[in-house]
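Undergrad: All chains, please: the whole structure from these sequences, using the hints.
Sequence order for the protein chains is A and B. Numbering of the first sequence is given in my numbering, commencing with residue 1 and proceeding in unit increments. Numbering of the second sequence is given in my numbering, commencing with residue 1 and proceeding in unit increments.
Honestly, I wouldn't trust all of these hints.
What the hints assert, rightly or not - Below 30 Å or equal to it, Euclidean Cα-Cα: the simulated DSS-like pairs (lysine-lysine) are:
#1 A:K300 with A:K356
#2 B:K51 with A:K399
#3 A:K75 with A:K421
#4 A:K75 with A:K443
#5 A:K198 with A:K52
#6 A:K122 with B:K51
#7 A:K262 with A:K356
#8 B:K51 with A:K198
#9 A:K96 with A:K75
#10 A:K421 with A:K52
#11 A:K115 with B:K51
#12 A:K399 with A:K443
#13 A:K52 with A:K443
#14 A:K52 with A:K399
#15 A:K421 with B:K51
#16 A:K96 with A:K443
#17 A:K483 with A:K421
#18 A:K52 with B:K51
Note that these hints are calculated values from the structure, not bench results.
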Amino acid sequence: MQLPRTLTAAFAVVVLALAGCGAGGQAQEADSSQLVLGNNGDVLTWDPAEMKEGAVIHYAEAVYDPLLRKTAESKIEGNLATEYEYNDDLTELTLKLREGVTFSDGATFDGEAVKVNIEARKAGAGSASEAARVIVRVEVTDPGTVRLHLSEPSPGLLAALATYLGYMASPTALAAGGIATTPVGSGPYLLDAGASEKGVSYRFTAREGYWNREAFPFETVVIRPYEEFTARYNALATGQIQFMYGTSDMVPKAKSDGLTVKTVPGEWQGIILQDRAGEASAALGDVRVRQAINHALDRKAILDTHYSGFGQVSTQTFNPSSEAWVPELNERYPYDPAKARELLAAAGHGDGFKIKISFSEGFMSPLVPIVTQYLGDVGITVEQVPVNGFANGGLETLKGQPAFMLSFSTNIPAWTDVLNKLTPTSLWNHFGYTDETVTRLLKEIPAAQGDEQAALYKELNTHLVEQAWFAPIVTQENVYLSKPEIDVTMQQAQLMPSLRFFAPAN
Amino acid sequence: MLGFIGRRLATGLLLAFTVVTGMYFFLMLTGSDPARGALGLYATEEQVAVKREQLGLDRPVVTQYLDWLSGVVRGDLGISSAQNARVIDLIVSRLPVTVSLALGAVLVAAVLGVALGLLAATRPGPLDRVLQVVMVLGFSLPNFWVAIILALTFAVQLGWFPATGYIHLSDSPSGWLWSIVLPITALSIGSIAAIAQQLRNSVITVNSQAYVRTLRSRGLSQRNILLAHVLRNAAPPALTMLSLQFIAAMSGAAIVERVFGLQGIGAVAINASGNSDIPVIMGVLLFTVLVVVLVNLTVDILYAALNPKVRNA
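TA: Spelled out as structure tokens, the structure:
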């Protein structure tokens, strides 16, 4: 019987030895001067030029300051650029820069730093690159003033300068090439590498001399990535974190656990009927068929059952707080199977037809059979086409498909949604479809401002709904859960509220 | 004995080579795009093409494979295409979590599985029947479900253990132990049942053989017969089961890690899959295959130690 004892001892030694291989820890407990955030995922790079939209914004905001910033209503105001002004034809944007700001490596924030950053963003492949494409030249008129020369008016530019395009990294660090692994910014916090562990926990400490300290009241911020919702919720419920992005099915439990629940209109979910010329699916080329699909969906029933009421029925693809939103449009396609059959018959499909609907497997999967059943009820046979994740070839697969279901962000300004889905080169307009009205409006909107621009957005939205480019079902409510010891002000049209909207409850 | 170990080692390495080679070509030829995965959806085709070139993906697959293989031989698993990190560093930094869970689960399973198996085999009647039911129950509970229930009960409701996170042994030995108790429990329940059931059946079979009756007739104590003779002959099937459970624990850890918010090898693999990060996927695969080979080799050596006839097989 010597062998088992030896084995046991060997196991123990190996466990102890291997367990000691790691370094660092994550045992910081929350106190009133510390904010601990649960994040949806890890930060893969610290280079703002490579960062993608989404929850990663909390990591970025801790160390980088943007040129402009968004209010809780997603209005734009000055930040590192104290003033901003367009010329008359909206092709030049002049930024007046804040004086006395330095980066954490001692480099000075000035016009040259802005130029280096924006040029880096243009060359990158992150979210900022799309908005940066219209910037043809960055002119430093003096150390405190920068002028951006644009190829054409861009309504989304200011919002982009309030996030990834506007995050300022040290020009010295950018030149040295290590920004992807070591963030060097002018933001409110410094990454404490010694107290952080990649993929596990990131600790940020308040940066001395930061110009806007009162907007960031916590001495330290800790961000912990949790891909799994259950783990994230358990961490929140037991006080390991203080804030998380949740799901609607967590709300009853969260309330009973004494957590604070807040919501904000978020993504729209439904079908992109992208083959509007009927190239792959002839039936979809007829607007009556697309309208019939819209009439076939009982949005209210789906909202109540599938979404537990967290959202609003919608026929629109813009954010409810954006200038494009028209509340009355949500009445355009009431659930009316008879009307749907009538429209199909008028389009020559009285006996029904088959359509392929693609979807990326995952959280959309439960919605697909629901849609399949509703469309089946009016004679439309859905062939479900699951595709791989987008990085695994799924995006290429989608390109040939007549229709697909996804969850789409809605943004302020609405121009971001236009760029995502409506132009002939948009990522989510794979057939490059357009029509005269859309072409005209996409020229007129960037050249307009204020009320005139809002009216044009509404005209565009109304046209899209009437032409049934999409079959949205709901605009869902994003759900955020937090501990009572912190206050969080929700921010419209942003997946995660900015760090400066977090404060101790007292 | 050395010749036996050498033959087994060569067979294992050949198996590892075959598996990783097959997987490499499978991944490279089935539409995964590490360049797109690294850059994201909004990168232009031009940017993706540049990235592809930077990653060397524009070269023939065979050339890429040979480069990767020569790197492996030198101990260099390459650079993650989605993160700015060496693959070997990513794996090594996550090893403590996964190895703690897998070894801990197997250790617990071995101790409790053997104890319960012997108990069931030597106490026929009600106790055996009760243990049989418990074992079947243990088999049938998926470890992710057990993990969720354990987390909700003992971490969220009772607060006895941390709900998420891993504490390194070097930071706090007691914290480390506390942080792995629930994951190990979730991982080991099925293994305990499997080993106990296997050992019970083996012991009962061996117990009924003629030489055991002879030993009894010579007046040896039941305890002596069980521990010195029966267990020695009943152990090989249980050892096989134990090795399988270790491999199962390695893969099961990927799910359990997520439930407890642990960043182990499983988390690395899952994230890498989402980004088509082939260097990391291959690194994790290589590591896993080598672990399987090592575990099988260990079991073979133990077989040989228990039964010298095996050495000539």
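Undergrad: Hint by hint, say whether it matches the structure.
TA: Here's how the hints hold up against the structure:
1. A:K300 with A:K356: holds (24 Å)
2. B:K51 with A:K399: OK: K51 (chain B) and K399 (chain A) at ~21 Å, within 30 Å.
3. A:K75 with A:K421: holds (22 Å)
4. A:K75 with A:K443: holds (23 Å)
5. A:K198 with A:K52: holds (18 Å)
6. A:K122 with B:K51: holds (15 Å)
7. A:K262 with A:K356: With Cα atoms ~37 Å apart, K262 (chain A) and K356 (chain A) exceed 30 Å; violated.
8. B:K51 with A:K198: holds (24 Å)
9. A:K96 with A:K75: holds (18 Å)
10. A:K421 with A:K52: holds (18 Å)
11. A:K115 with B:K51: holds (24 Å)
12. A:K399 with A:K443: holds (26 Å)
13. A:K52 with A:K443: holds (28 Å)
14. A:K52 with A:K399: OK: K52 (chain A) and K399 (chain A) at ~21 Å, within 30 Å.
15. A:K421 with B:K51: Answer holds: K421 (chain A) to K51 (chain B) is near 25 Å, not above 30 Å.
16. A:K96 with A:K443: Roughly 29 Å separates the two Cα atoms, so the pair holds.
17. A:K483 with A:K421: Given that 30 Å is the threshold and the Cα spacing comes to 37 Å, the pair is violated.
18. A:K52 with B:K51: holds (16 Å)
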